[in-house]
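*Asks:* If you want the building blocks of each chain, they are given just below.
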Amino acid sequence: MLGYILKRAISLIVSLCLASIIIFSVVEIAPGDPASFMLGINAQEDTIAALRAELGLDQDKLSRYFSWVSGMVKGDFGTSYTYRSPVSDMIKERIWVSLPLALYALLISTFIAFPAGIYAATQRGKAGDAAVMGATQFGIAIPNFWFAMILVVIFALKLRWFSAGGFVEWENGILLSLKSLTLPAIALALPQASILSRVMRSALIETLSEDYIRTARAKGFGKKAVIWRHALRNALIPVLTIIGLQFSFLMAGAIIIEQVFFLPGLGRLVFQAITQRDLIVVESVVMLLVFAVITVNFIVDVAYAVVDPRLRRRV
Amino acid sequence: MFQSKKIIAAGAFALFAGAGLSLSAQSDITVAMQLEPPHLDPTSAAAGAIDSVLYSNVFEGLTRFASDGSIIAGLAESWDISSDGTVYTFKLRSGVNFHDGSSMDANDVKFSLDRARAEDSTNAQKALFSGITDVAVVDNTTVKVSLDKPNGSFLFNMAWGDAVIVAPESIEGIKNNPVGTGAFTFKNWVQGDRIELSRNPNYWGAKPALENVTFKFISDPTAAFAAVMAQDVDVFTGFPAPENLPQFEADPRFQVLEGSTEGETILSTNNKMPPLDNVKVRKAIAHAIDRQAIIDGAMFGYGTPIGTHFAPHNPDYVDLTGNSNYDPELSKKLLAEAGLSGGFTTTLKLPPPSYARRGGEIIASQLRAVGIETEISNLEWAQWLEQVFRGKDYGLTIVSHTEPMDIGIYARPDYYFQYDNPEFQSLMTELNGTTDPAKRSSMLKKAQRIISDDYVNGYLFELAFTTVANAKVRGLWKNAPTQATDLTGVSWAD
Chain A
1 MLGYILKRAI SLIVSLCLAS IIIFSVVEIA PGDPASFMLG INAQEDTIAA LRAELGLDQD
61 KLSRYFSWVS GMVKGDFGTS YTYRSPVSDM IKERIWVSLP LALYALLIST FIAFPAGIYA
121 ATQRGKAGDA AVMGATQFGI AIPNFWFAMI LVVIFALKLR WFSAGGFVEW ENGILLSLKS
181 LTLPAIALAL PQASILSRVM RSALIETLSE DYIRTARAKG FGKKAVIWRH ALRNALIPVL
241 TIIGLQFSFL MAGAIIIEQV FFLPGLGRLV FQAITQRDLI VVESVVMLLV FAVITVNFIV
301 DVAYAVVDPR LRRRV
Chain B
1 MFQSKKIIAA GAFALFAGAG LSLSAQSDIT VAMQLEPPHL DPTSAAAGAI DSVLYSNVFE
61 GLTRFASDGS IIAGLAESWD ISSDGTVYTF KLRSGVNFHD GSSMDANDVK FSLDRARAED
121 STNAQKALFS GITDVAVVDN TTVKVSLDKP NGSFLFNMAW GDAVIVAPES IEGIKNNPVG
181 TGAFTFKNWV QGDRIELSRN PNYWGAKPAL ENVTFKFISD PTAAFAAVMA QDVDVFTGFP
241 APENLPQFEA DPRFQVLEGS TEGETILSTN NKMPPLDNVK VRKAIAHAID RQAIIDGAMF
301 GYGTPIGTHF APHNPDYVDL TGNSNYDPEL SKKLLAEAGL SGGFTTTLKL PPPSYARRGG
361 EIIASQLRAV GIETEISNLE WAQWLEQVFR GKDYGLTIVS HTEPMDIGIY ARPDYYFQYD
421 NPEFQSLMTE LNGTTDPAKR SSMLKKAQRI ISDDYVNGYL FELAFTTVAN AKVRGLWKNA
481 PTQATDLTGV SWAD
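If you read the sequences in order, they're chains A and B.
Number 315 marks the last residue of the first sequence (the numbering used here); no jumps.
Number 494 marks the last residue of the second sequence (the numbering used here); no jumps.
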């Protein structure tokens, strides 16, 4: 087990190093100078030069790369060019929107997908199965920003149960904050739930055709008992993989949903930073997201080994 | 099982729905706009969003813009101009305090002006201060500003958001905690979401009716529409979706204000790039353009046609649209005269705003009709600044010049459209040295004619400024003589 974890950890570190190089080079190559962007079209050359010096943009790229990486290792993500506040503070603020939103969406997605997937698997080939499959097809097909707008039209404009967007900070009450994240979370969760239901269904169907299930049934276990005690646990591996991927996607992929609901999350931060050429913010947030994705995958890998002891020996 | 989950979900919906937000009191207001300020120092960035939040609300200058664009007294209650026009003696209001309690006096004015014109200044409009040779403190409430030569626009320049008075005591943290002298004090900034201001109880002038002000930043046009419709916000200034305005106009809950801006939207032309260096070719382009089709198609009818680089609401404006009326036949004839009867191809580089992206498509088809092919490329602002503005690597581009009274840019031969006309340049020098209003007026009119006759750029339309607000809100600025959301005179009707 320990050797397995060690191997995974080394691959994690190598991936992070490669990612930092790629991110830095791509962002630096992209055209556009942050100083001239900030000062606009009437700025004089000497003013732009003064601002470039103030921001440290006059140093060479290699030394900027190393100071960025060494700062990050110490938890210092640098100072935003435009906002002039520490990037780590900005991320900390935004993560309190993005992380709960991702978890909330994941929770909704799982709560829908598990029962739907199990139900479809047990009803295989019957009308219930067809209904679930049809619904998930629909859920995958519709773009989530469009679904988000429909939610806004129904629940904010017509029924007026929710605000059209915006985030109520946690200090004002958890319920209010959760309420403000509800529509975005549903919009994010729907496609994920559809995918997850399908994975759940096919994984369970596959397990249900295994010999040991037949043996269990032959021993006199009821259909429900077999599903709960034997099939479900074995069907979880592909489902866990998808949940891991979905969580990373939800952390990084909420940019459009955050725009539609004007939520001050990480996605919106990156979006603004890209248009303002706030390079250091773009680099640091993207790096953080890469870190989150790789770490989640690492945790999922370890979780496999816990669920399936055979994996510990195989790798 | 699936069924019961559905019921739980519905229950959760109802639970959250019950916890509604309380209605805000009628002395509070939420104002939304599209762009968030990058930071809160109006004296070191070009971002108009900074002024949109802070101008006149938090920060004030020696002079200021009134809602009609005229220049009135600000922190200076009066001034004397020496007979040769080079020395301005400002008499400051007494008893004015900054929000941190420190007093605003002549030393703060000296500090602010010296800081803006210093060598390491990062003021985006440093040129406004370039003529200042000395700022002297005479006494606590008197400042003497000396100029190298007479400057007829000096009081106008001092009204800009980039020329507001700041204090040395609070300059360090100004980017995140602005301390000014205005009627509202800065309270809180939740980055990515909103900025909160509250009434300054010690304000020197008339007390504002509003107590708490929240500026909210909603960049997505669809989200903007939803936020106003759901009445999450009371006012949306610079509403980004003109196609939805008729819907608000028809709804008694809302009022729509259509005002003018200082934004001349032009088809900027690279005057040094062949064949655009030929005035006949530029004239051909000007006559190939149907302005109304662009206003209708790209701006849903909002915008005023212009024939030169000047705001139509300005008393000195000359309507020169007839100089470049829509006449594709004349356009083809001019191209033939220039030896380009087969047409030519050039680039059309478009920045992100919808006036450029939508307008660009329409202009491309209008130009194609007379034989001019354009290669359209869509650029982000940072790319546009680098390639077009600084690199001058373009044939045509569309951009709205939002700075007030900026016809002077045509006197800069290194400016991105590279127009180099000594006659115009000497006229501008003369204008800067003239303070007599009648003479200035005739010079400004002449300047408008010169650039129109030279067809420097394709003059399209003056950008409209549309605000959607709750029908009960009073006192909002209709026009935008500068980027500002002056809330000092705003109130709720009973």
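Keep in mind that the hints are not guaranteed to be accurate.
[Claimed, not checked] Straight-line Cα separation of at most 35 Å, DSBU-like style, residue types lysine-lysine; simulated pairs:
#  : chain 1 : residue 1 : chain 2 : residue 2
1  : B       : 280       : B       : 207
2  : B       : 392       : A       : 158
3  : B       : 445       : B       : 144
4  : A       : 158       : B       : 472
5  : A       : 61        : A       : 74
6  : B       : 207       : B       : 91
7  : A       : 158       : B       : 446
8  : A       : 61        : B       : 144
9  : B       : 149       : B       : 187
10 : B       : 472       : B       : 175
11 : B       : 478       : B       : 91
12 : B       : 272       : B       : 175
13 : B       : 439       : B       : 272
14 : B       : 175       : A       : 92
15 : A       : 126       : A       : 224
16 : B       : 187       : B       : 207
17 : B       : 272       : B       : 91
18 : A       : 61        : B       : 392
19 : B       : 445       : B       : 272
20 : B       : 332       : B       : 91
21 : B       : 478       : B       : 332
22 : A       : 74        : B       : 149
23 : B       : 445       : B       : 175
24 : B       : 446       : B       : 472
25 : A       : 61        : B       : 126
26 : B       : 187       : A       : 92
27 : B       : 207       : B       : 472
28 : B       : 280       : A       : 74
29 : B       : 280       : B       : 187
30 : A       : 223       : A       : 126
Derived from the structure by calculation, the hints contain no laboratory data.
Just so it is clear, the structure is predicted and the values come from calculations on it, not from any experiment.
*Asks:* If a hint holds in the structure, say so; if it does not, say that too.
*Replies:* Hints versus structure:
{"no.": "1", "hint": "B:280 x B:207", "result": "violated, 57 Å"}
{"no.": "2", "hint": "B:392 x A:158", "result": "violated, 50 Å"}
{"no.": "3", "hint": "B:445 x B:144", "result": "holds, 32 Å"}
{"no.": "4", "hint": "A:158 x B:472", "result": "holds, 22 Å"}
{"no.": "5", "hint": "A:61 x A:74", "result": "holds, 20 Å"}
{"no.": "6", "hint": "B:207 x B:91", "result": "holds, 22 Å"}
{"no.": "7", "hint": "A:158 x B:446", "result": "violated, 56 Å"}
{"no.": "8", "hint": "A:61 x B:144", "result": "violated, 46 Å"}
{"no.": "9", "hint": "B:149 x B:187", "result": "violated, 42 Å"}
{"no.": "10", "hint": "B:472 x B:175", "result": "holds, 34 Å"}
{"no.": "11", "hint": "B:478 x B:91", "result": "holds, 31 Å"}
{"no.": "12", "hint": "B:272 x B:175", "result": "violated, 40 Å"}
{"no.": "13", "hint": "B:439 x B:272", "result": "holds, 32 Å"}
{"no.": "14", "hint": "B:175 x A:92", "result": "holds, 19 Å"}
{"no.": "15", "hint": "A:126 x A:224", "result": "holds, 18 Å"}
{"no.": "16", "hint": "B:187 x B:207", "result": "holds, 18 Å"}
{"no.": "17", "hint": "B:272 x B:91", "result": "violated, 47 Å"}
{"no.": "18", "hint": "A:61 x B:392", "result": "holds, 26 Å"}
{"no.": "19", "hint": "B:445 x B:272", "result": "holds, 26 Å"}
{"no.": "20", "hint": "B:332 x B:91", "result": "violated, 60 Å"}
{"no.": "21", "hint": "B:478 x B:332", "result": "violated, 41 Å"}
{"no.": "22", "hint": "A:74 x B:149", "result": "violated, 54 Å"}
{"no.": "23", "hint": "B:445 x B:175", "result": "violated, 40 Å"}
{"no.": "24", "hint": "B:446 x B:472", "result": "violated, 44 Å"}
{"no.": "25", "hint": "A:61 x B:126", "result": "holds, 29 Å"}
{"no.": "26", "hint": "B:187 x A:92", "result": "holds, 21 Å"}
{"no.": "27", "hint": "B:207 x B:472", "result": "holds, 20 Å"}
{"no.": "28", "hint": "B:280 x A:74", "result": "violated, 63 Å"}
{"no.": "29", "hint": "B:280 x B:187", "result": "violated, 57 Å"}
{"no.": "30", "hint": "A:223 x A:126", "result": "holds, 17 Å"}
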